[in-house]
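**Q** Residue strings, one per chain:
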Amino acid sequence: MDVHLDQLTMQFNDTTAVDSITTTIKDGELVSLLGPSGCGKSTTLMLLSGLYKPTAGDIYFGDEKVTTMDAEKRGIGMVFQNYALYPHLSVLKNIMFPLKMQKVPKKEAIQQVMEMAKLVQIDHLLDRKPAQLSGGQQQRVAIARALVKKPKLLLLDEPLSNLDARLRLEMREEIRRIQQEVGITAVFVTHDQEEALSISDRVMLMNNGVLQQENAPQQMYRKPENIFAASFLGNPPINFLTLHKTENNTYVIQGSSQTLELPSMKWQTHEAFQMGLRPEDLYTVPEEEGLFSGEIIHMETIGRDTLIRLQLGDVTVRALVDPKSRLRVGDRCSLAIEPQEVHYFDPKTGERLRGGNDNDAQANLEKHA
Amino acid sequence: MMLKPTWKSTLKALLYLLPALLILVTFNIYPIVKSFLMSFYTNYDFFKNIINERGFSNFIELFQDPNFIQALQNTVIFVIGVVPISIILSLAIAILLNSKIKFSGLFRTIYFLPFVTSVVAVAIVWSWIFHSDYGLLNYFLGWFGVDPIDWLTDPTFAMPALIILSIWKGLGFNIIIFLAGLQSVNEQYYLAAKVDGASAWHRFKSVTLPLLSPTMFFVSIISIINAFKVFDEIFALFNGKPGPANSALTVVYYVYQKFYEEWEFGLASAAAFVLFIIVFLFTIIQLIIGRKFVHYQ
Ligand SMILES: Nc1ncnc2c1ncn2[C@@H]1O[C@H](COP(=O)(O)OP(=O)(O)OP(=O)(O)O)[C@@H](O)[C@H]1O
Ligand SMILES: [Mg+2]
Numbered sequence: 001m002d003v004h005l006d007q008l009t010m011q012f013n014d015t016t017a018v019d020s021i022t023t024t025i026k027d028g029e030l031v032s033l034l035g036p037s038g039c040g041k042s043t044t045l046m047l048l049s050g051l052y053k054p055t056a057g058d059i060y061f062g063d064e065k066v067t068t069m070d071a072e073k074r075g076i077g078m079v080f081q082n083y084a085l086y087p088h089l090s091v092l093k094n095i096m097f098p099l100k101m102q103k104v105p106k107k108e109a110i111q112q113v114m115e116m117a118k119l120v121q122i123d124h125l126l127d128r129k130p131a132q133l134s135g136g137q138q139q140r141v142a143i144a145r146a147l148v149k150k151p152k153l154l155l156l157d158e159p160l161s162n163l164d165a166r167l168r169l170e171m172r173e174e175i176r177r178i179q180q181e182v183g184i185t186a187v188f189v190t191h192d193q194e195e196a197l198s199i200s201d202r203v204m205l206m207n208n209g210v211l212q213q214e215n216a217p218q219q220m221y222r223k224p225e226n227i228f229a230a231s232f233l234g235n236p237p238i239n240f241l242t243l244h245k246t247e248n249n250t251y252v253i254q255g256s257s258q259t260l261e262l263p264s265m266k267w268q269t270h271e272a273f274q275m276g277l278r279p280e281d282l283y284t285v286p287e288e289e290g291l292f293s294g295e296i297i298h299m300e301t302i303g304r305d306t307l308i309r310l311q312l313g314d315v316t317v318r319a320l321v322d323p324k325s326r327l328r329v330g331d332r333c334s335l336a337i338e339p340q341e342v343h344y345f346d347p348k349t350g351e352r353l354r355g356g357n358d359n360d361a362q363a364n365l366e367k368h369a
Numbered sequence: 370m371m372l373k374p375t376w377k378s379t380l381k382a383l384l385y386l387l388p389a390l391l392i393l394v395t396f397n398i399y400p401i402v403k404s405f406l407m408s409f410y411t412n413y414d415f416f417k418n419i420i421n422e423r424g425f426s427n428f429i430e431l432f433q434d435p436n437f438i439q440a441l442q443n444t445v446i447f448v449i450g451v452v453p454i455s456i457i458l459s460l461a462i463a464i465l466l467n468s469k470i471k472f473s474g475l476f477r478t479i480y481f482l483p484f485v486t487s488v489v490a491v492a493i494v495w496s497w498i499f500h501s502d503y504g505l506l507n508y509f510l511g512w513f514g515v516d517p518i519d520w521l522t523d524p525t526f527a528m529p530a531l532i533i534l535s536i537w538k539g540l541g542f543n544i545i546i547f548l549a550g551l552q553s554v555n556e557q558y559y560l561a562a563k564v565d566g567a568s569a570w571h572r573f574k575s576v577t578l579p580l581l582s583p584t585m586f587f588v589s590i591i592s593i594i595n596a597f598k599v600f601d602e603i604f605a606l607f608n609g610k611p612g613p614a615n616s617a618l619t620v621v622y623y624v625y626q627k628f629y630e631e632w633e634f635g636l637a638s639a640a641a642f643v644l645f646i647i648v649f650l651f652t653i654i655q656l657i658i659g660r661k662f663v664h665y666q
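In order, the protein sequences belong to chains A and B.
For the first sequence, the numbering used here begins at 1 and goes up steadily by one.
For the second sequence, the numbering used here begins at 370 and goes up steadily by one.
Fair warning: there could be bad hints in the mix.
Residues of chain A placed beyond 12 Å of chain B at every Cβ, according to the derived structure [to be verified]: (1) Met-101; (2) Asn-207; (3) Thr-250.
Covered stretches of chain A, going by a simulated chain B footprint (3 or more residues, C-beta under 8 Å) [what the hints assert, rightly or not]: (4) 59 to 73; (5) 77 to 83.
Keep in mind that the hints were calculated from the coordinates and are not lab data.
Positions of the beta carbon are idealized from the N, C-alpha and C atoms, including for glycine.
Please work from the sequences and hints to get the whole structure.
**A** This is the structure:
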């Protein structure tokens, strides 16, 4: 079942939590809703579930308009952020609850519960109460409860946020496995970019209630549509340099006296623009080949990466460099980047002007088309 | 932090408890023990405080007294008449007040007023409401073609009048307790139940009631104990009489009569003891039932 949102808007008093979102979630797809805290992810999910009714816009399940339909009737499955398992019911009864509401005969219901419990691997815990389960087990119960009625749409609101790092990794693979095994359409809310990029077929990036970009995960990373998308994705975060045109048609980096020239900049007519450079795309070069240079003010090695921070004038630039390079804090260092890895943005609108790995992105697009 | 009790910590705790304990022992525990012992005084000179004889004859006499039997009956009718309706009504009102309505703070205050108003004042107002000629209730019933009822002077209607007053009087307290209970139920469960396809009725039955069971348990125990002890309302409503033709004579009223009006201390104590046993049994039964149905989070 395709889910179609048309100009979906939710207004709370003076805040617009969701601002005219239009998109289609395809049948069998796992879509991540990604964005910073308070950007309207949960609200979007609540709208999809029918627990909130939109102040404007429409929701379609397939061809059916469900905008005003109550949550009880929509037949969707939902996993809440804190699971919301009924504390007074055993695991078995928790999972069976939606079936009981559908008046499925008890024998049949128990059988379906057993099947679902096996799928999420909690069939040995059926007699326990939720309070006697670990976070990961509770989550599986919540997923089983959401799936047992065979919903057409599964909604998950930050289901992994209460778990430790390792369990998160395990659980997110688990969710992906179950989702693909059942072949259900799913919307997964998270504010963790890594989670979103790793689990989903498509990422929807939101900010201030507005849908910023929706793409396959890699493409969103490679070709961010605006400054927000570029800055939200990536760790360590992308570097931004603001450039201003000088009289002799070169560009000077704002906050420093360095000018720089790139072959791909010839097309530029803008007086000023913003350049986004991912730390992992930068590499050290001898002084004369460098795009710009500065003093190393900080160095740290995390696992296999070495991160340096370079001071050029008032701005700092982060770069991931070869751990074997013999750089020290206080050294002068020059950095370069492949021209096609540079992202250009309009500093006024924040929109992407050009750049990003176009070819790659194209390939990615075709793959998912 | 849970430490194992030691002699030192126990003594220290006792020291803190002592002031309250002293008062409780003097005014509660001692009278209870004393009245228990008194119920066995069969020949007692209360002027000189000499006990000539002890035995069970008070209890035998008690159960041969038709007034006491009637008091027992009336009390049971009163409890059955008041407690269930009071609980259902206050739960319903609490749920309404807990939903998003305008002026809910005002309504809460209105419903809580009877609880903080003196029983005597309340009873006086109600005796006017129940008045057979000028009463509001009869006037209201008149709209439906019901003939005027002698609420306070007809033995058939004295008990219903008392029950109506008591339900109304107890409502405020129960509502406040239920409201507190309802507010402690996490909203998430209702959202989850909605998504799971539960109708409003099922949400009430499968989420509200079970999660409210500790509150329900508390309210029902308190209500039953209070109902068994009813006295002030009768005294005030019927001007210091147990209703027309003893129709509102309850066990506590019987105790009062025997103790203060007839100076039958042994008999009064025995009746009080019987009431104590009844309340005790009821509470035990409720505890047993409660263990099965009450869910503590
Ligand atoms: N019931 C409500 N009444 C008023 N404002 C609300 C309500 N629910 C959400 N909002 C506002 O709408 C905006 C979006 O909230 P929402 O809960 O959807 O954010 P979110 O993206 O889920 O954030 P988080 O990652 O912190 O969960 C916030 O500014 C929030 O304050
Ligand atoms: Mg949220």
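**Q** Taking the closest pair, is the beta carbon of Thr-250(A) still more than 12 Å from chain B?
**A** holds (59 Å)
**Q** Is the Cβ of Met-101(A) more than 12 Å away from each Cβ in chain B?
**A** violated (4 Å)
**Q** Quick check: do three or more residues in the region 77 to 83 of chain A have a beta carbon closer than 8 Å to a beta carbon of chain B?
**A** holds (count 4)
**Q** Beyond 12 Å from every chain B Cβ: check whether that's true for Asn-207(A).
**A** holds (25 Å)
**Q** Can you take a look at whether the region 59 to 73 of chain A is actually covered by chain B? Rule is 3+ residues, C-beta closer than 8 Å.
**A** Three-residue rule met by the region 59 to 73 of chain A, so holds; n is 4.
When the structure is compared with the earlier hints, a violation turns up for hint 1 alone.
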